[in-house]
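Given the coordinates of chain A, work out where chains B and C should sit on it, guided by the hints.
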Amino acid sequence: MTDASVVLRLSGITKRFGSLLANDAVSLELRAAEVLALLGENGAGKSTLMSILFGHYVADAGCIEVFGKPLPPGDPAAALAAGVGMVHQHFTLADNLSVLDNVMLGTEPLWQPFSRRRAARGRLLATASRFGLEVDPDARVGGLSVGERQRVEILKALYRGARILILDEPTAVLTPQESERLFATLGELVRQGLSLIFISHKLDEVLRVSNRVAVLRGGKLVAEVPAAGIGRDRLAELMVGRVVERPVRVRRAAGAVVLQLENVFTPRVRGQGSLNDVSLAVRAGEIVAIAGVSGNGQEALADLCCGVVAASEGAVAIGGERMVADPRAWVARRVARVPEDRHAVGVIGDLPVWENAVSERLHTPAFSRLGWIRRGPARRFARALVETHDVRLSGIDVPTRSLSGGNMQKLILGRALSVGDQVAAGAPPVLIVANQPTWGLDVGAVAGIHGKLLAAAGHGAAILIISEDLDEIFAIADRVAVMYKGALGAVRPVEQWTLAAIGLAMAGNPAGETLEASDAA
Amino acid sequence: MSEFFDIIASAPFWVATLRIATPLILGTLGVLLCERAGVLNLGIEGIMVAGAFTGWLAVWLGAGLWTGVAVAGLTGASLGLVHALFTVWLGVSQHVAGLGLTLLATSLSAYAYRVLLPTVTTPPTIEPFQPLAALAGLPLIGPVIGAQTALTLLALGAVPVVAYALYRTPVGLAVRMVGENPSAAEAQGLNVVAVRTGAVMAGSVLMALAGSFLTLSAFNAFFFNMVNGRGWVCVALVVFASWRPGKALLGAVLFAAFDALQLRMQQAGDILPIVVPYQIYLMLPYILSILALVVMARRAAYPQALMKPYRKGER
Amino acid sequence: MRLEARTNPSRAAMLAAPFGAILFTLLVCALLVAWAGAPVGRTYALLFEGAFGSRFAISETLTRATPLILTGLAAAISFRAHFYNIGAEGQLYMGALAAVAIGGQGAALSNLPAGLVFATMMLGGALAGALLLLGPAVLKIRLGVDEVVTTLLLNFIALLFVSMMLDGPMKDPLAMGWPQSVALDPAHEFSRLMERSRVHSGLLLACVLAVLLWVVQRFTTFGLQMRAVGANARGAAFAGLPVRRVVLACALISGALAGLAGLGEVAGRTGYVTLDMSPGYGYTGIVIAMLAGLHPVGVIVSALFVAGTLVGADSMSRAVGVPNYISDVIVATALLSMLVATLFTRYRVRWGRA
Numbered sequence: 004m005t006d007a008s009v010v011l012r013l014s015g016i017t018k019r020f021g022s023l024l025a026n027d028a029v030s031l032e033l034r035a036a037e038v039l040a041l042l043g044e045n046g047a048g049k050s051t052l053m054s055i056l057f058g059h060y061v062a063d064a065g066c067i068e069v070f071g072k073p074l075p076p077g078d079p080a081a082a083l084a085a086g087v088g089m090v091h092q093h094f095t096l097a098d099n100l101s102v103l104d105n106v107m108l109g110t111e112p113l114w115q116p117f118s119r120r121r122a123a124r125g126r127l128l129a130t131a132s133r134f135g136l137e138v139d140p141d142a143r144v145g146g147l148s149v150g151e152r153q154r155v156e157i158l159k160a161l162y163r164g165a166r167i168l169i170l171d172e173p174t175a176v177l178t179p180q181e182s183e184r185l186f187a188t189l190g191e192l193v194r195q196g197l198s199l200i201f202i203s204h205k206l207d208e209v210l211r212v213s214n215r216v217a218v219l220r221g222g223k224l225v226a227e228v229p230a231a232g233i234g235r236d237r238l239a240e241l242m243v244g245r246v247v248e249r250p251v252r253v254r255r256a257a258g259a260v261v262l263q264l265e266n267v268f269t270p271r272v273r274g275q276g277s278l279n280d281v282s283l284a285v286r287a288g289e290i291v292a293i294a295g296v297s298g299n300g301q302e303a304l305a306d307l308c309c310g311v312v313a314a315s316e317g318a319v320a321i322g323g324e325r326m327v328a329d330p331r332a333w334v335a336r337r338v339a340r341v342p343e344d345r346h347a348v349g350v351i352g353d354l355p356v357w358e359n360a361v362s363e364r365l366h367t368p369a370f371s372r373l374g375w376i377r378r379g380p381a382r383r384f385a386r387a388l389v390e391t392h393d394v395r396l397s398g399i400d401v402p403t404r405s406l407s408g409g410n411m412q413k414l415i416l417g418r419a420l421s422v423g424d425q426v427a428a429g430a431p432p433v434l435i436v437a438n439q440p441t442w443g444l445d446v447g448a449v450a451g452i453h454g455k456l457l458a459a460a461g462h463g464a465a466i467l468i469i470s471e472d473l474d475e476i477f478a479i480a481d482r483v484a485v486m487y488k489g490a491l492g493a494v495r496p497v498e499q500w501t502l503a504a505i506g507l508a509m510a511g512n513p514a515g516e517t518l519e520a521s522d523a524a
Numbered sequence: 011m012s013e014f015f016d017i018i019a020s021a022p023f024w025v026a027t028l029r030i031a032t033p034l035i036l037g038t039l040g041v042l043l044c045e046r047a048g049v050l051n052l053g054i055e056g057i058m059v060a061g062a063f064t065g066w067l068a069v070w071l072g073a074g075l076w077t078g079v080a081v082a083g084l085t086g087a088s089l090g091l092v093h094a095l096f097t098v099w100l101g102v103s104q105h106v107a108g109l110g111l112t113l114l115a116t117s118l119s120a121y122a123y124r125v126l127l128p129t130v131t132t133p134p135t136i137e138p139f140q141p142l143a144a145l146a147g148l149p150l151i152g153p154v155i156g157a158q159t160a161l162t163l164l165a166l167g168a169v170p171v172v173a174y175a176l177y178r179t180p181v182g183l184a185v186r187m188v189g190e191n192p193s194a195a196e197a198q199g200l201n202v203v204a205v206r207t208g209a210v211m212a213g214s215v216l217m218a219l220a221g222s223f224l225t226l227s228a229f230n231a232f233f234f235n236m237v238n239g240r241g242w243v244c245v246a247l248v249v250f251a252s253w254r255p256g257k258a259l260l261g262a263v264l265f266a267a268f269d270a271l272q273l274r275m276q277q278a279g280d281i282l283p284i285v286v287p288y289q290i291y292l293m294l295p296y297i298l299s300i301l302a303l304v305v306m307a308r309r310a311a312y313p314q315a316l317m318k319p320y321r322k323g324e325r
Numbered sequence: 075m076r077l078e079a080r081t082n083p084s085r086a087a088m089l090a091a092p093f094g095a096i097l098f099t100l101l102v103c104a105l106l107v108a109w110a111g112a113p114v115g116r117t118y119a120l121l122f123e124g125a126f127g128s129r130f131a132i133s134e135t136l137t138r139a140t141p142l143i144l145t146g147l148a149a150a151i152s153f154r155a156h157f158y159n160i161g162a163e164g165q166l167y168m169g170a171l172a173a174v175a176i177g178g179q180g181a182a183l184s185n186l187p188a189g190l191v192f193a194t195m196m197l198g199g200a201l202a203g204a205l206l207l208l209g210p211a212v213l214k215i216r217l218g219v220d221e222v223v224t225t226l227l228l229n230f231i232a233l234l235f236v237s238m239m240l241d242g243p244m245k246d247p248l249a250m251g252w253p254q255s256v257a258l259d260p261a262h263e264f265s266r267l268m269e270r271s272r273v274h275s276g277l278l279l280a281c282v283l284a285v286l287l288w289v290v291q292r293f294t295t296f297g298l299q300m301r302a303v304g305a306n307a308r309g310a311a312f313a314g315l316p317v318r319r320v321v322l323a324c325a326l327i328s329g330a331l332a333g334l335a336g337l338g339e340v341a342g343r344t345g346y347v348t349l350d351m352s353p354g355y356g357y358t359g360i361v362i363a364m365l366a367g368l369h370p371v372g373v374i375v376s377a378l379f380v381a382g383t384l385v386g387a388d389s390m391s392r393a394v395g396v397p398n399y400i401s402d403v404i405v406a407t408a409l410l411s412m413l414v415a416t417l418f419t420r421y422r423v424r425w426g427r428a
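These protein sequence lines map, in sequence, to chains A, B and C.
Numbered per the numbering used here, the first sequence finishes at 524, counting up by one with no gaps.
Numbered per the numbering used here, the second sequence finishes at 325, counting up by one with no gaps.
Numbered per the numbering used here, the third sequence finishes at 428, counting up by one with no gaps.
Extracted from the complex, chain A is given alone in its bound form (with noise of 0.2 Å):
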């Protein structure tokens, strides 16, 4: 390949987060109208690497170089002057403004006291069938379905004129039915010359749709090779760097019905899915597992089956018993949450470990007195659940904010799972409701928790969890039912899912499905 032909040039990027080497001297190019692949577990570097390129970090050494000029670092008005755009994994839209609104700002100068909208709409509209990406120039973003909202994302920097595009984990929000139209709409980019980088940890799409890939492994370039004549897993062998023990699942018979929904309907909220009419059963034993699009209503199906919101039709039963929208009763209930937000809803940042090791039972005899807390009791719970779940810190004082997110995690689901004030021994939970329970935390951690649910099910736990990560679900669960719009299709066993199939349901259009009666009890 000669010179000529590479568009952008990364040369011994390093930077440094505290004590944390994110990127240690990465060199990478990208040529002309290909699709590079930058493919590594959570926490590999690769965001880090792609925020440095598009200036919303300075690197501590290095150069970049696009288009054979230097690029002024930390600048993302220089990347989008040099023609480097990036669809961000958390999209950068105000959902309050609209389409126009959101892809016109910054593109006139601040001093101008006029604005060019309707130059500016038909340029949007044009750019927009030039690509193939149908839009609504004065739709509100906050009204449009999260593929909308990614194509806005994309015309965003297709406005300004991007020749690089940087898609950081672009189908984590995507069913499989959208990222195949995503796809072929990268496939188009590159037809018309545009070059791209494409973030992802998802083996299959790597392979599928980059040139070539290369594998970041804590910070440093550990490969670099063309994606056609590589296996899957040898990509996995260079991503992860050993082989991890994937936990065996064992099917059991499921036991009795431990969680019932019925009927469920719950109030509905601003900006949220609510549920309407859901049926759900969950067995001892037994791992269910709830796929879909996130904002399809499992955040008030978690936050109903971790009491925090109640039902306002249908009856909602552990083990026969009512239950009411009152955390403290479910706890006492033996029932173990992990909510899908570590920082802001798990924890308590600015408390102390051993606060939050407790928070959940402050109430009970075991841990307070007559408004007092007994603080030796619930200082010698918070050490024994450290100790016990492996939970790295420098002491049960600290705030919980300073934790780590795998080691935040670990602190929760070990609270989650022990009973009153018994940390490991004593029976286990009766029913486990964990919500994204491994998102953002790399593979050891993913496998470390997998292998405590699947231990707890083994021990006869009801076990209810709501993930959008498929290779989770089909690693784990027994049966798998998809959540659309606040309704719950049927739950099959796992074995009879097919990605497809799947994809369709998150896309709620379940043709192909049959129903089976018995799966409604």
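Simulated from the structure, these hints should not be mistaken for laboratory data.
Yeah, the Cβ is synthetic: ideal placement off N, Cα and C, and Gly gets one too.
The hints are all genuine.
A few chain B residues facing chain A, derived, Cβ under 8 Å:
#, residue
1, E190
2, A195
3, E196
This is chains B and C only, laid out in the frame that chain A set:
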């Protein structure tokens, strides 16, 4: 009952209404600009005092009236910069920084006044803006407009200017965006800190101008306690106005109308069958403001990034 | 320029912050003193003398600190729960009014034991303050109405109400037209703590309450709930803590404390209610709470500092001719400096981009 309609239909009532509304319009627009950019500016009460003081001081020291207004504006911009330094650059609590700024600006104004005029007991007066007699001949609105001063016209004119700037210019879009999703603004190459600082400074200029109206037009001297809570009323009015300039004007005029009405009723005295203590009348504006907030509570469409400090890299 | 979170904020830094803030304040305000034409060193010396330099000075400072401790506590507890009670001024006046309404009945209650009446007075004062804050609290909890503006506006309403009462039903017939309330029966007043001074046992009450509040915050379940809800209401709700009840409780306690400040002033210092009995103690309480880092016992120290500044400035002003508004400037600057100092204990400044 007919006395009510007599009052409302009379020109003096509307003259008083517009006069009372002027500082409210300017102050509310000022708060609106800051909050649209995502910053709560509780320094308004103090900025109004400082604007009143420095505007008056400039004129008392011999400057022209418009120079006094400009000086007040400059004071507002400086105080706005201070507020932005605390809340936008450093990201400290916007509530506390604002209240601290109010206290600082108010006490500094009082201190400066006393240092410059240590022995004075009655506040020295200046020659304020004169009513626009030339406009008194206009049909229908003549009697009302002719009795107003230039600053009231400025306030009325500011409403469409702010609206145009917010909705039809690139900088207005930038201000709205940093108040909704600062990450989005940054991803499009904008400097969030700079835009927010600019918006806060511009809003503070308007607040100071509102204060200067009090000393250079409504009254002709500087008294302690002359702002008397108008700043807080403006903060309530912005919620009532759903952060839109047109509704801000409406809210300010409505509020001022009620205030003018209760003034007239106090004076007239015998409209109501029972004797109402004058304190009740004075309470009405504040009670109204609280009601306005309650009414809008459910439907308030806050700028989504209001009061959230933006720290780059902290995603 | 940007800020980077420190991984382990040092305790030494957190303790040093208030002193750094005060030092910076004194430096900046020295400029203002110089502008007034007074010698800076002598002015500050007089300030200190006027605050702590004589028995009289100390007694005045302690007297001034008494309501400030209580309004400081009111702010500390409500701010800790992220419920910004700016209405302490109005709650103070309502508490004073209630105290006089109960304790100034004169002959009507003379056959009841004074202790009982006094206890009822205290209860009334606390209740009056709490009830005034109930409205904004409920509005915030139920409808999400911002409590900053509602409590602020209520201050004006409360003061007008007190004025109305002083003009009418609670007017002192012996005061010859001056708007003040009926006087308290001397049997219902606080006793003197120091002879020949104005220091009264309200100070003891304030200090006891401060210590009590600290104990509650640190060692009781309610204290943990309060801190949890203030730090992260969603996380607290998930853990099953009764968020709404906790916020309401904090608001009511805050209002009660401010009401007690009013009671203290009436029963300890003035003996009757006037419209100017509080030169902004409610607002100053917020500054005191922030300077103390919202720590209840720290509030005592912070209140002494602020009271000393206010008292010292009065006597200094008479001697050197520096306007006594300098005390407000000092307090405001101290608040803003404290905000910045606290920030720097948690974050480090880094130049350049991320």
